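Engineer: As a plain string of letters, each chain reads:
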Amino acid sequence: MTDRRRHHDMGGLEDGPVEIKEHTSEPWEKRVDAIRSLLSDEQRNMLSVDELRRAIEDLGAEAYDRYNYYERWMAAMTNILLEKKILGVDELGRKMAEVEARQGNKPL
Amino acid sequence: MSSDHHHDHGMYDSDPLHHHPPQPDLEDTPLTHHQIMQIAVGELLIEKNIISADELRAQIEFQDSITPARGAELVARAWSDDGFKGRLIADSKAAGDEIGMDVGPVPILVMENTPTVHNLIVCTLCSCYPRFLLGIPPDWYKSRSYRRRAISEPRKVLSEFGTDLNDSVEIKVHDSTADMRYMVLPMRPAGTDGMSEAELAGLVTRDCMIGVTVPEGPSKA
Amino acid sequence: MSARYKVGDTVRVRQAFPPGHCRTPYYCRGKSGVVVRCCGEYRNPEYLAYGTYDGPEEPLYRVQFMQTDMWDDYSGAPHDKVEIEIYEHWLVPETS
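Protein chains in written order, with my numbering: chain H, 686 to 793; chain X, 1402 to 1622; chain P, 148 to 243.
Rather than coming from a laboratory, the hints here were simulated on the basis of the structure. All figures in this text were calculated on a predicted structure; none of them were measured in a lab. Cβ coordinates follow ideal geometry from the N, Cα and C atoms, glycine included. Be aware that a few hints might be false.
Distance condition first, Cα-Cα at most 25 Å in a straight line; then the derived SDA-like pairs of lysine to any residue [stated by the list, open to error]:
id : chain 1 : residue 1 : chain 2 : residue 2
1  : H       : K706      : H       : D750
2  : X       : K1543     : X       : P1508
3  : H       : K770      : H       : D718
4  : H       : K706      : H       : E768
5  : X       : K1449     : P       : Y197
6  : X       : K1494     : P       : Y197
7  : X       : K1486     : P       : C186
8  : P       : K178      : P       : Y189
9  : X       : K1449     : H       : V734
10 : X       : K1494     : X       : D1565
11 : H       : K706      : X       : K1449
12 : X       : K1557     : P       : D219
13 : X       : K1449     : X       : Q1464
14 : X       : K1543     : H       : Y752
15 : X       : K1449     : H       : Y752
16 : P       : K153      : P       : T215
17 : X       : K1543     : X       : S1569
18 : X       : K1494     : H       : N730
19 : H       : K769      : P       : Y173
20 : H       : K770      : H       : G789
21 : X       : K1543     : X       : K1486
22 : H       : K706      : X       : D1565
23 : X       : K1557     : P       : Y173
24 : X       : K1543     : H       : K769
25 : X       : K1557     : H       : E699
From the structure, some residues in chain P lie toward chain X, with a derived Cβ separation under 8 Å [to be verified]:
id : residue
26 : Y174
27 : V183
28 : E232
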């Protein structure tokens, strides 16, 4: 990979056989998809598909490979919401800690 | 799907504020960082009145309602009606309207397979897919190997799906790079004369509308 | 903005390597192909991607390339093709 070729832009590179697998979408994945659709709808118009793609690419090669598909979407979408000041870093951090604590108290 | 969502945990849990993973074997698995992020972002967006829980629920139900059966219905109609086939290829939006199907806001170009041309769809840059007709793309479509190789060695990739095409057939790969989406109109299999549209639709799989396989005729059982 | 190219025109993809977001795959840059469809005008994703929703619209084309032109060691049949959507600012007229 050269600096000229960005990491996500992979058409024509060598790789092994296609692993023909799939899975039923998990609820959290559906929620990521649904939040994304709502933020992109005409009424809200807060997130273009191009912005999401750009933010996914800008996660960098290491995260791009390590995260699964919806993890990329979630991380990228969150970064855009922070950039656009729709969410704040501190409130998000506190909310995530609250969610995590809730999880500790009872089974999921 | 009813909007009444008492704890009827089926395969799909469409309650946006209800965080049980549906698989019993995951009940004790701690949430991952990104799952926590998803819940937190969702709750904050709801608290800020940017989205509502009802909208989120409705959106998930809508997504669940979109399956490859929609694409299959269009294909079966095209197999049964040459005029419709022509209109579907010329303008899928208008053709969808004819049968009361909204093919969505993104233009979908329908690529017809013929005895001499076989079409294959890929998105090398990300995961663009005709979601309004086929639903969520399968994992392999989003995989690194498919994105890398479907474009440059389509015959090898097709062969991995059990599809071996003669060299006399031209393979046309469509890279979904921008504002169009693509769906393959496969060839009607032999031995299907007299079948109803519903029966024909049953032969049309998601994979043959991506172009990695071709539909099979009725089994000779 | 009126479309500069029409169906049947031979075009070449610019050999450019911008560091930001764009939708022109690396593998087709510098390659020559034929316009097979004019898709209409769409907002430039290179603006949309950075939050400019009201940027200029630009003609988008489907360009067809021969696979044997695309890859040095293409293993398929000589008539195999690839089609890609490319925005007008990425194309130059082929002058051969």
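Engineer: A separate judgement is required for each hint: does it hold in the structure or not?
Structural biologist: For each hint, the structure was consulted:
no. : hint               : result
1   : H:K706 to H:D750   : holds (18 Å)
2   : X:K1543 to X:P1508 : holds (21 Å)
3   : H:K770 to H:D718   : holds (21 Å)
4   : H:K706 to H:E768   : violated (35 Å)
5   : X:K1449 to P:Y197  : holds (24 Å)
6   : X:K1494 to P:Y197  : violated (30 Å)
7   : X:K1486 to P:C186  : holds (20 Å)
8   : P:K178 to P:Y189   : holds (23 Å)
9   : X:K1449 to H:V734  : holds (22 Å)
10  : X:K1494 to X:D1565 : violated (32 Å)
11  : H:K706 to X:K1449  : violated (38 Å)
12  : X:K1557 to P:D219  : holds (16 Å)
13  : X:K1449 to X:Q1464 : holds (24 Å)
14  : X:K1543 to H:Y752  : holds (13 Å)
15  : X:K1449 to H:Y752  : violated (28 Å)
16  : P:K153 to P:T215   : holds (24 Å)
17  : X:K1543 to X:S1569 : violated (29 Å)
18  : X:K1494 to H:N730  : holds (23 Å)
19  : H:K769 to P:Y173   : violated (30 Å)
20  : H:K770 to H:G789   : violated (30 Å)
21  : X:K1543 to X:K1486 : violated (29 Å)
22  : H:K706 to X:D1565  : holds (20 Å)
23  : X:K1557 to P:Y173  : holds (22 Å)
24  : X:K1543 to H:K769  : violated (28 Å)
25  : X:K1557 to H:E699  : holds (12 Å)
26  : Y174               : holds (7 Å)
27  : V183               : violated (10 Å)
28  : E232               : holds (4 Å)
Comparing the model with each earlier hint shows violations of hints 4, 6, 10, 11, 15, 17, 19, 20, 21, 24 and 27; every other hint is respected.
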